[in-house]
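Going down the list, the sequences are from chains A and B.
Note that the working numbering gives residue 61 to position 61 of the first sequence, counting from 1, and the numbers run on in steps of one.
Note that the working numbering gives residue 26 to position 26 of the second sequence, counting from 1, and the numbers run on in steps of one.
Among the clues, some could well be false.
Among chain B residues calculated to face chain A with C-beta under 8 Å, some are [unchecked claim]:
id, residue
1, Leu19
2, Pro40
3, Gly43
4, Leu46
5, Lys68
6, Thr101
7, Leu103
8, Ile104
9, Phe105
10, Gly106
11, Lys107
12, Gly108
Just so you know, these hints were derived from the structure itself, not from any lab.
Just so it is clear, CB atoms sit at the ideal spot from N, CA and C, and this is done for glycine as well.
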Amino acid sequence: SQTIHQWPATLVQPVGSPLSLECTVEGTSNPNLYWYRQAAGRGLQLLFYSVGIGQISSEVPQNLSASRPQDRQFILSSKKLLLSDSGFYLCAWSDTVGRLNTEAFFGQGTRLTVV
Amino acid sequence: GDSVTQMEGPVTLSEEAFLTINCTYTATGYPSLFWYVQYPGEGLQLLLKATKADDKGSNKGFEATYRKETTSFHLEKGSVQVSDSAVYFCALLFPVNQAGTALIFGKGTTLSVSS
Chain A
1 SQTIHQWPAT LVQPVGSPLS LECTVEGTSN PNLYWYRQAA GRGLQLLFYS VGIGQISSEV
61 PQNLSASRPQ DRQFILSSKK LLLSDSGFYL CAWSDTVGRL NTEAFFGQGT RLTVV
Chain B
1 GDSVTQMEGP VTLSEEAFLT INCTYTATGY PSLFWYVQYP GEGLQLLLKA TKADDKGSNK
61 GFEATYRKET TSFHLEKGSV QVSDSAVYFC ALLFPVNQAG TALIFGKGTT LSVSS
């Protein structure tokens, strides 16, 4: 069966420090991968999606970047965190191509607090 | 562009009360529609889905019907329980390019059920 792992679960980082959140998927190949952010009062916002290794698309310009160095690995990064980067970050995966009725499967999330 | 609008929360109900959470969408074509649930401190889980007009998704006593004419996908439950307390997200699936799809979420509706 497929599983998705996201870590760390919680993180407190000072303003200006770097960030690296990692997400890995097991039990499937060539998944679509996503990073979402859930900020207070703003719902769930799609940040990045990837349809393959090295292929990253950004939905919202911001202080963050994403990379996909391996088929089932998706990394969210920042060189210098801002206070506004605080939030709950969720990684997700779904099946690919032509499966327009497929659902997405979410990791447990990372609570990031920038202080 | 495609979007999802949910009723604002929080929604506070007594146990065994009837629940409705409104969701409407804007999209080109006929996207698949979903309801996800997020229990405290956890990631998102799929609650139910519908892939075409007039489909009814159902799970755990919750139901939602895909209404093309009103572009709606309202979530209902006849008798809520304390364990239903969570944040509920309406979402639609849209193609992000020729190879992939992504979910767009509403802002979420917090449901609190008291005994």
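How the hints compare with the structure:
{"no.": "1", "hint": "Leu19", "result": "19 Å, violated"}
{"no.": "2", "hint": "Pro40", "result": "11 Å, violated"}
{"no.": "3", "hint": "Gly43", "result": "4 Å, holds"}
{"no.": "4", "hint": "Leu46", "result": "5 Å, holds"}
{"no.": "5", "hint": "Lys68", "result": "15 Å, violated"}
{"no.": "6", "hint": "Thr101", "result": "6 Å, holds"}
{"no.": "7", "hint": "Leu103", "result": "5 Å, holds"}
{"no.": "8", "hint": "Ile104", "result": "7 Å, holds"}
{"no.": "9", "hint": "Phe105", "result": "4 Å, holds"}
{"no.": "10", "hint": "Gly106", "result": "6 Å, holds"}
{"no.": "11", "hint": "Lys107", "result": "3 Å, holds"}
{"no.": "12", "hint": "Gly108", "result": "5 Å, holds"}
The structure shown violates the earlier hints numbered 1, 2, 5.
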